[in-house]
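Asks: Put together the whole structure using the sequences plus the hints.
Listed below are the residues making up each chain.
4 protein chains.
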Amino acid sequence: MSHNSFGHLFRVTTWGESHGPALGCVVDGCPPGLKLTAEDIQVWLDKRRPGQGKFVTQRQEPDAVRILSGVFEDDRTREQFGGQVTTGTPISLMIENVDQRSKDYSEIARAFRPGHADWPYFAKYGVRDYRGGGRASARETAARVAAGAVARKVIEGVTVRGALVQIGPHKIDRSRWDWDETTNNPYWSPDARIVPVWEEHLEKIRKAGSSTGAVVEVEAVGVPAGWGAPLYGKLDAELAAALMSINAVKGVEIGAGFESAELTGEENADQIRMGNDGPIFLSNKAGGVLGGMSSGQPVVARVAFKPTSSILTPRETVNEDGQEIELRTKGRHDPCVGIRAVPVVEAMTACVLADAFLRHRGQTGGGAFRPGSSERA
Amino acid sequence: MSHNSFGHLFRVTTWGESHGPALGCVVDGCPPGLKLTAEDIQVWLDKRRPGQGKFVTQRQEPDAVRILSGVFEDDRTREQFGGQVTTGTPISLMIENVDQRSKDYSEIARAFRPGHADWPYFAKYGVRDYRGGGRASARETAARVAAGAVARKVIEGVTVRGALVQIGPHKIDRSRWDWDETTNNPYWSPDARIVPVWEEHLEKIRKAGSSTGAVVEVEAVGVPAGWGAPLYGKLDAELAAALMSINAVKGVEIGAGFESAELTGEENADQIRMGNDGPIFLSNKAGGVLGGMSSGQPVVARVAFKPTSSILTPRETVNEDGQEIELRTKGRHDPCVGIRAVPVVEAMTACVLADAFLRHRGQTGGGAFRPGSSERA
Amino acid sequence: MSHNSFGHLFRVTTWGESHGPALGCVVDGCPPGLKLTAEDIQVWLDKRRPGQGKFVTQRQEPDAVRILSGVFEDDRTREQFGGQVTTGTPISLMIENVDQRSKDYSEIARAFRPGHADWPYFAKYGVRDYRGGGRASARETAARVAAGAVARKVIEGVTVRGALVQIGPHKIDRSRWDWDETTNNPYWSPDARIVPVWEEHLEKIRKAGSSTGAVVEVEAVGVPAGWGAPLYGKLDAELAAALMSINAVKGVEIGAGFESAELTGEENADQIRMGNDGPIFLSNKAGGVLGGMSSGQPVVARVAFKPTSSILTPRETVNEDGQEIELRTKGRHDPCVGIRAVPVVEAMTACVLADAFLRHRGQTGGGAFRPGSSERA
Amino acid sequence: MSHNSFGHLFRVTTWGESHGPALGCVVDGCPPGLKLTAEDIQVWLDKRRPGQGKFVTQRQEPDAVRILSGVFEDDRTREQFGGQVTTGTPISLMIENVDQRSKDYSEIARAFRPGHADWPYFAKYGVRDYRGGGRASARETAARVAAGAVARKVIEGVTVRGALVQIGPHKIDRSRWDWDETTNNPYWSPDARIVPVWEEHLEKIRKAGSSTGAVVEVEAVGVPAGWGAPLYGKLDAELAAALMSINAVKGVEIGAGFESAELTGEENADQIRMGNDGPIFLSNKAGGVLGGMSSGQPVVARVAFKPTSSILTPRETVNEDGQEIELRTKGRHDPCVGIRAVPVVEAMTACVLADAFLRHRGQTGGGAFRPGSSERA
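Each protein sequence line maps, in turn, to chains Y, W, E and A.
The numbering used here puts the first residue of the first sequence at -12, with every later residue one more than the last.
The numbering used here puts the first residue of the second sequence at -12, with every later residue one more than the last.
The numbering used here puts the first residue of the third sequence at -12, with every later residue one more than the last.
The numbering used here puts the first residue of the fourth sequence at -12, with every later residue one more than the last.
Hints should not be assumed to be uniformly reliable.
Note: identical chains are not told apart, hence a pair may lie in one copy or across any two.
As the list claims (entries may be wrong) - Here are the computed lysine to aspartate or glutamate pairs in the DMTMM-like style, where the Cα-Cα straight-line distance is at most 20 angstroms:
#, residue 1, residue 2
1, K90, E60
2, K22, E362
3, K317, E190
4, K158, E246
5, K317, E254
6, K191, E254
7, K22, E143
8, K317, E253
9, K191, E253
10, K194, E254
11, K22, E66
12, K194, E253
To be clear, the hints were calculated from the coordinates, so they are not data collected in a lab.
These numbers come from a predicted model, not from an experiment.
Replies: Structure representation (structure tokens):
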């Protein structure tokens, strides 16, 4: 509550429209004493920035983030922490909108673009900022990525990384999975061989003025057992909400996900052996979450992105006056929004984990019990 | 916040373990003046009750609900409302546990059953009520169903109904979908022809002491446009959290869901025409939600249930002492927990919608703008 | 949110009316591994129980609390913790209403008693349970006291204790303050000499069928520095809300409170010296809270209770039909509700501190920095 | 939750330090369609601006507010609403810090100023921005006033106005109360005759390098019956938290407040007669709140401000190294922070009421029942 905040102890509140003066977020509840500079955040923003490839929108935004509050640097912080650190007060992050290309919006100002949120915005509020998608613009995800950069500081030791595993009907070959590969191609693909297939598909889509969906997979490695909570504060329920809140997402699954519906109990239940540092699982159908709490295995989720509805083919729709019209969405658009979404999915995952970590520490004091010991460690 | 509440204005807090004296929930924020008796709730509880079919657990619980607070009846309420009504104060619902079969738990008291939450419970809390699954028992869903019955009263005019669309690898034929059929068979199947296939599959699973997953589909018909909110309070994000919070759920999708990843923009964006009461959509790939807000179309979600991990085949695991052991889960268990989950999925959907309705009314005053009018109606 | 919950990480949700079958609360977020039995709670409930003195209501309720969930006991908990302990899941507490004296409510069923909440209940909800005050009954405070008993377990090492410092115009002599005295008289007075004065005053009030206000003071000793948070999560702001939420409270002050308006900066700012365990203050005008965070000094608050509006003198009012009437409130009532409120004020203070402790631990990891050290301890 | 947000449906999140680049807030949940320009907010900010009188700090800040999001203007909004309106998305407000006078902070950088929050900030966070008070600066109240300006739009028809009723030991004569007078003098006094007394007192305080406390009274006229909620969502409990969260506040009372402790039930319970538009009260000891809900009478609260601890007299204290030192606080400071607090108290009151209005509308649909009718109006 209300409608633009996320998280409980690590709480992010975002604001901003595509064509307003700026957008940003306030990160409240961040622990003090974490080294944090604008550069630490900028590096993640640069990864999601438009204008980086042939198949992402050509809008050119530097997306330069400013930290307006919540950090401090003096001689003592330099000596004690090595530089500027968080103070525990709210961190306000702002990204100015500089490429608000002057444009004639008269065609869509009163029309409801099919597949877009225009109609329910009108129905609910009666007024909406239609310029560049307004609040519903993909630009809003910059605030998520910025917050995620702070979250990563909170969960130091946990690696959150994402990959694109499907574009349109073309899925990667999971047996070829190589994380290093994800930074070698502009599609975050962990499978080098799929890249030319995707490029051909995207080229065809782009030429047709069409768009295509995609699936992103994210994993968090290094999450200790016990984060999250049973039933209503489940780690996977929080993840599901966080990921479903990203624009264009239509599905979220954890571990084996929808495939688990087809499995038997024997196939699905991950068996356990004892390792040096606690239980070791022989498989990870659970996706690292059991009963809503992390098991110590990598937390794994997949997210389905629909194809953007901004396409060049004329489509039937109506407008605010109730007239039936045909509409063609012009402008700078991604043929596959899923590509740019990888850093966003990572960021939301990091935010959920940071919140889970702080809440776990609040209720229990932190750490976890290990088999063979009656002490929290 | 904390960990056992759900919703904002329509807020449900649940409590209870499988083998404690009782379980229940508190429904806070319910509007006043709604007719509500224990029978109104009991009818939904009876639908999820164990012991109703060959393929659900044989545990016999009457699951009789008591309303402990929040309702009132006198001559005037009888005259004005026709009987007992909600007063706007918190509604406490309690279901006593009567069939806590005396049992020897020594075998699992200190073991971590594979696929169960035993291990993370131990890791997080260091202590857990292992009797009958404790807090993680499927019995907890009775509280959800009870709360959902109250939620249905809040969103009068909206029909929330669920169906089972897949058991193991066997999916229904969607072209045969008949809602009436769902009450004709014990599996909530909308396709009569799949029933014998499922029965054969379940019989095989049961004999093997195994279990199978399933997929539940839920739809809410009659939801007006404008419920939900953009981005972080998205109706589909709240739904995703609510459904993922049900035990054994591993995936949630809205509308076309994961299939939308394979579609083009033309295939995916639902075109719009003008009807007598507002926009009419030519398809519902969006599942009734655009930009996080209801579009006026039926809200449609699908939920993947994993097979229960309580199976008769011995499985490798460890115990609290760090010893590697083999474990076989005996007892009364569902071979397919997805069957009994249908009323639970419905209930959670109703709770999300009731909350969205009240929040929408809070921020906007309620109602929606219609094309061709500048008035909220 | 919604309207009957309190706290964030240590979160209490209450329910129940005076003449329903029961009342109670759910305590969510309690840390695991704390020893807790019904007796641990009962001891505090017994302190607030009606029927203990001449000047408190003669209603006889055993107020026997039952723990319905959230605790567990087996051989291992007995060995490791010494008995039954909290498990980290929600603790449901219930107190059955056994003395719902059959009574004719026809006189007040439709009347708005002056000074009572009847009128706004009617205005807001249109329906209300008027029997014994319904939800607004002082019985509701039993749930607060029960929750407070759990909270005390969470903040072990902190002593929360209250005293009555004023009844009507008669204030105690603070120079005679003796905490031991508070258990020697039925008025929680720390000043033995005021007791006969109060008794005479109360006898006069009782004979006149009137009522009188009072002031309760509460202090929490042993709160370490750093609990609470600046500005919107201030410890004193949370305390103010918690204490003002008790029925009949009309004012809350911290430390010097309203008196501080008359002071100069020199008189008000507590000077500091260095002690063995950190800063020592030469006075406590701040009431143990600086900038919303605990300073390490005792946290001190005072709470003003109005006289109950249930008096025998006929009073002018109106009823639900809009008729002007005269009303005399009969029944079992306290001439001074402030007396019984002392354990309630203590309980709410304990709940606020438990929540502050968990939130502090969540954000920072717990503990505090000390002068001369750069480590948290 | 977390620590820098306030409200539920009308939710304000603030950020910013005194000497950072800017400060501001995000107002989430504001209803759409409300006319709102920067000027509408600026007018209230100008009222609290420093540098306006002899007895307020001479720091010169234009405090120019910018609206960064959440509003929209085009031809249609001009036609339909008369200009720029809220869109229902989060409203981001920013005020740049322009007068960050370069200064040597070496003396206080590591010292704990008595009566200030320096020590608990250090204890809790281990690091703090000491420049100009950092987050604890009175500048933060600019964000409150800006949010309050938006809140006033939400509760159109309700007048929220404040007055100073006491400076040091000098109280106004309430029989002379004249609201018009509050804008005729720089002290918000409703009693013209007290002004020279206060001026003399303040002059004496200023010359002594000292400071003095004060009491602010606020009332909200036009609040309909039924806002707020019983027990834990009480309107007066929310007000108490909101007002206590303002820096330097040490006490809050509603209606008769602490005086009610001295009254009898007959004196305290406001009698009721029937007016044309519903109940009329013959007095307002309750301060417009009964059982946590508004009664339709003016809502009245009083707030005690302590004297600022920034005084010229050397005071004993310790520093971060644990050394005992003497400290004299130099710089630009108010001898009486209560004076500038009047618009802040008004703003917080407006925010609480806006939230209560939206929550009331959410749960009940809005409006209130009136005696003699069974319809909500």
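Asks: Give a verdict on every hint.
Replies: For each hint, the structure was consulted:
In the homo-oligomer, the alpha carbons of K90 and E60 lie at most 20 angstroms apart only across protomers (16 angstroms), although the nearest pairing inside one protomer, at 42 angstroms, exceeds that limit. Proximity of K22 to E362 under the C-alpha cut-off of 20 angstroms is restricted to the inter-copy arrangement: shortest distance 16 angstroms between copies versus 31 angstroms within a copy. Proximity of K317 and E190 under a CA criterion of 20 angstroms is satisfied intra-copy only: 18 angstroms inside one chain copy versus 56 angstroms between copies. Taking the shortest Cα distances, K158 and E246 sit within 20 angstroms of each other both inside one copy (15 angstroms) and across copies (13 angstroms).
In the homo-oligomer, the alpha carbons of K317 and E254 lie at most 20 angstroms apart only across protomers (18 angstroms), although the nearest pairing inside one protomer, at 49 angstroms, exceeds that limit. Taking the shortest Cα distances, K191 and E254 sit within 20 angstroms of each other only across copies (16 angstroms), while inside one copy they are farther apart (40 angstroms). Taking CA atoms no more than 20 angstroms apart as the test, K22 paired with E143 passes inside one copy only; the shortest distance there is 11 angstroms, against 34 angstroms between copies. Proximity of K317 and E253 under a CA criterion of 20 angstroms is satisfied inter-copy only: 14 angstroms between copies versus 52 angstroms inside one chain copy.
Taking the closest pair of Cα atoms, K191 and E253 come within 20 angstroms of each other only across two copies (14 angstroms); inside a single copy the shortest separation is 43 angstroms, beyond that limit. For the homomeric pair K194 and E254, the shortest alpha-carbon distance between copies (17 angstroms) is at most 20 angstroms, but the shortest distance inside one copy (44 angstroms) is not. In this assembly of identical chains, K22 and E66 lie within 20 angstroms of each other by CA distance solely inside one copy; the values are 12 angstroms within and 44 angstroms between copies. Taking the closest pair of Cα atoms, K194 and E253 come within 20 angstroms of each other only across two copies (14 angstroms); inside a single copy the shortest separation is 47 angstroms, beyond that limit.
Violated hints are absent here; each numbered hint is respected by the structure.
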